[in-house]
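Let the hints inform the model, and build the full structure from the sequences given.
Heads up: the sequence lines are chains A and B, in that order. Following this note's numbering, the numbering of the first sequence begins with 1 at its first residue and continues without gaps. Following this note's numbering, the numbering of the second sequence begins with 1 at its first residue and continues without gaps.
Since the hints were made in silico from the structure, they are not lab data. Heads up, a few of these hints could be off.
According to the in silico footprint, chain B covers these stretches of chain A (three or more CB under 8 Å from chain B) [stated by the list, open to error]:
{"no.": "1", "stretch": "36-46"}
{"no.": "2", "stretch": "99-107"}
Cross-link-like lysine-lysine pairs, in silico, DSS-like; alpha carbons within 30 Å at most [unchecked claim]:
{"no.": "3", "chain 1": "A", "residue 1": "78", "chain 2": "A", "residue 2": "24"}
{"no.": "4", "chain 1": "B", "residue 1": "111", "chain 2": "A", "residue 2": "24"}
{"no.": "5", "chain 1": "A", "residue 1": "78", "chain 2": "A", "residue 2": "68"}
{"no.": "6", "chain 1": "A", "residue 1": "24", "chain 2": "B", "residue 2": "38"}
{"no.": "7", "chain 1": "A", "residue 1": "78", "chain 2": "B", "residue 2": "103"}
{"no.": "8", "chain 1": "B", "residue 1": "38", "chain 2": "B", "residue 2": "70"}
{"no.": "9", "chain 1": "B", "residue 1": "3", "chain 2": "B", "residue 2": "103"}
{"no.": "10", "chain 1": "B", "residue 1": "38", "chain 2": "B", "residue 2": "111"}
{"no.": "11", "chain 1": "B", "residue 1": "103", "chain 2": "A", "residue 2": "24"}
{"no.": "12", "chain 1": "B", "residue 1": "103", "chain 2": "B", "residue 2": "38"}
{"no.": "13", "chain 1": "A", "residue 1": "78", "chain 2": "B", "residue 2": "38"}
{"no.": "14", "chain 1": "B", "residue 1": "16", "chain 2": "B", "residue 2": "38"}
{"no.": "15", "chain 1": "B", "residue 1": "3", "chain 2": "B", "residue 2": "70"}
{"no.": "16", "chain 1": "B", "residue 1": "38", "chain 2": "A", "residue 2": "68"}
{"no.": "17", "chain 1": "B", "residue 1": "103", "chain 2": "B", "residue 2": "70"}
{"no.": "18", "chain 1": "A", "residue 1": "24", "chain 2": "A", "residue 2": "68"}
{"no.": "19", "chain 1": "B", "residue 1": "3", "chain 2": "B", "residue 2": "111"}
{"no.": "20", "chain 1": "B", "residue 1": "111", "chain 2": "B", "residue 2": "70"}
{"no.": "21", "chain 1": "B", "residue 1": "3", "chain 2": "A", "residue 2": "68"}
{"no.": "22", "chain 1": "B", "residue 1": "111", "chain 2": "B", "residue 2": "16"}
{"no.": "23", "chain 1": "A", "residue 1": "78", "chain 2": "B", "residue 2": "3"}
{"no.": "24", "chain 1": "B", "residue 1": "3", "chain 2": "B", "residue 2": "38"}
{"no.": "25", "chain 1": "A", "residue 1": "68", "chain 2": "B", "residue 2": "103"}
No experiment lies behind these values; they were computed from the predicted model shown. No residue lacks a Cβ here, since even glycine has one placed at the ideal position from N, Cα and C.
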Amino acid sequence: DAGVIQSPRHEVTEMGQEVTLRCKPISGHDYLFWYRQTMMRGLELLIYFNNNVPIDDSGMPEDRFSAKMPNASFSTLKIQPSEPRDSAVYFCASSSFPGREQYFGPGTRLTVT
Amino acid sequence: AQKVTQAQTEISVVEKEDVTLDCVYETRDTTYYLFWYKQPPSGELVFLIRRNSFDEQNEISGRYSWNFQKSTSSFNFTITASQVVDSAVYFCALSPNSGGYQKVTFGTGTKLQVIP
Chain A
1 DAGVIQSPRH
11 EVTEMGQEVT
21 LRCKPISGHD
31 YLFWYRQTMM
41 RGLELLIYFN
51 NNVPIDDSGM
61 PEDRFSAKMP
71 NASFSTLKIQ
81 PSEPRDSAVY
91 FCASSSFPGR
101 EQYFGPGTRL
111 TVT
Chain B
1 AQKVTQAQTE
11 ISVVEKEDVT
21 LDCVYETRDT
31 TYYLFWYKQP
41 PSGELVFLIR
51 RNSFDEQNEI
61 SGRYSWNFQK
71 STSSFNFTIT
81 ASQVVDSAVY
91 FCALSPNSGG
101 YQKVTFGTGT
111 KLQVIP
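Listed below in structure tokens is the structure:
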């Protein structure tokens, strides 16, 4: 299996622009997670899906953030409008079962200027 | 509330030395999972081990070993005969039953530098 795939790997954008991050989970994994990693706050869970349905989005920082999973093999995390404080590495991860290990993608390094 | 504490922010060792990374967790759940992940300089997080709260057996995998002690809420990770390739940030994580096992809380990580 190719593992969790994320795109783009790097994104540089200007404040106020819309940013869309993409993720393809491992085939057969029913759970998909979005995390944000920063020096100040470490790794934070933003939202997770089970069978394409958002289960818990309590970690989404603001209404500017939204996530969708239109099918089992694709998810997006959108930030609109972006702000400099959104600069971070965003990871997507998937797992097969509750309590199982999560497999992480390579991350998207977002820089908002 | 769930909490994972990795008190060691950075550790430097000389190659071939043994090193232990500490992890202390807090949860009111009686059922939970504990994990260790490795984040090498390339950036991706790599799963190392998963432990069920009911299983306190220590585990060894090659140069890696883990010591789980429920009485002290600790899940420490030891690397024996460290190598330069072990240089990375290591994260301990907690996955409690109350979050459906899906709401994972990560520690702040311990950065390990192995000097040749």
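Evaluated hints:
Evaluation of the coverage hint for the stretch 36-46 of chain A: fulfilled, as 3 residues show C-beta separations to chain B shorter than 8 Å, against a requirement of three. Residues of the stretch 99-107 of chain A lying with their CB closer than 8 Å to a CB of chain B number 9, which satisfies the three-residue condition for coverage. Taking the CA atoms of residue 78 (chain A) and residue 24 (chain A), the gap is about 15 Å. The hint holds against a cut of 30 Å. Proposed proximity of residue 111 (chain B) and residue 24 (chain A) is supported: the alpha carbons are some 29 Å apart, at most 30 Å.
About 8 Å separates the Cα atoms of residue 78 (chain A) and residue 68 (chain A), which keeps this hinted pair within 30 Å; it holds. Annotation: proposed proximity of residue 24 (chain A) to residue 38 (chain B) holds, straight-line Cα distance about 21 Å (limit 30 Å). Note on residue 78 (chain A) and residue 103 (chain B): the hinted pairing holds, with a Cα-Cα distance of about 21 Å set against a maximum of 30 Å. A threshold of 30 Å between alpha carbons decides the hint, and for residue 38 (chain B) with residue 70 (chain B) the separation of about 23 Å falls inside it, so the pair holds.
Distance check on the hinted pair: residue 3 (chain B) and residue 103 (chain B) sit about 12 Å apart at the alpha-carbon level, within 30 Å; holds. Proposed proximity of residue 38 (chain B) and residue 111 (chain B) is supported: the alpha carbons are some 10 Å apart, at most 30 Å. The straight-line distance between the Cα atoms of residue 103 (chain B) and residue 24 (chain A) is roughly 20 Å, inside the 30 Å bound, and the hint therefore holds. This hinted pair checks out: residue 103 (chain B) and residue 38 (chain B) have alpha carbons roughly 19 Å apart, not beyond 30 Å.
Only pairs whose Cα atoms come within 30 Å are accepted, and residue 78 (chain A) paired with residue 38 (chain B) is accepted, the gap being roughly 27 Å. Distance hint between residue 16 (chain B) and residue 38 (chain B) is fulfilled; the C-alpha atoms sit about 19 Å from each other, no more than 30 Å. For the hint linking residue 3 (chain B) to residue 70 (chain B), the alpha-carbon distance of about 15 Å falls within 30 Å, and the restraint holds. Distance check on the hinted pair: residue 38 (chain B) and residue 68 (chain A) sit about 28 Å apart at the alpha-carbon level, within 30 Å; holds.
Proposed proximity of residue 103 (chain B) and residue 70 (chain B) is supported: the alpha carbons are some 20 Å apart, at most 30 Å. As the CA atoms of residue 24 (chain A) and residue 68 (chain A) are separated by approximately 12 Å, the hinted pair is consistent with the 30 Å bound. For the suggested pair residue 3 (chain B) and residue 111 (chain B), the alpha carbons sit about 19 Å apart, so the restraint of at most 30 Å is met. Taking the CA atoms of residue 111 (chain B) and residue 70 (chain B), the gap is about 25 Å. The hint holds against a cut of 30 Å.
Distance restraint check for residue 3 (chain B) and residue 68 (chain A): the Cα-Cα separation of roughly 28 Å lies within the 30 Å cut-off, and the hinted pair is therefore satisfied. Proximity of residue 111 (chain B) to residue 16 (chain B) is assessed by CA-CA distance (about 17 Å); at most 30 Å being required, the pair is judged to hold. For the given pair, residue 78 (chain A) sits about 28 Å from residue 3 (chain B) by alpha-carbon distance, which is consistent with the 30 Å threshold. Only pairs whose Cα atoms come within 30 Å are accepted, and residue 3 (chain B) paired with residue 38 (chain B) is accepted, the gap being roughly 19 Å.
In summary, the hint linking residue 68 (chain A) to residue 103 (chain B) is supported, as the alpha carbons are separated by about 18 Å, within the 30 Å threshold.
Of the numbered hints stated above, none is contradicted by the structure.
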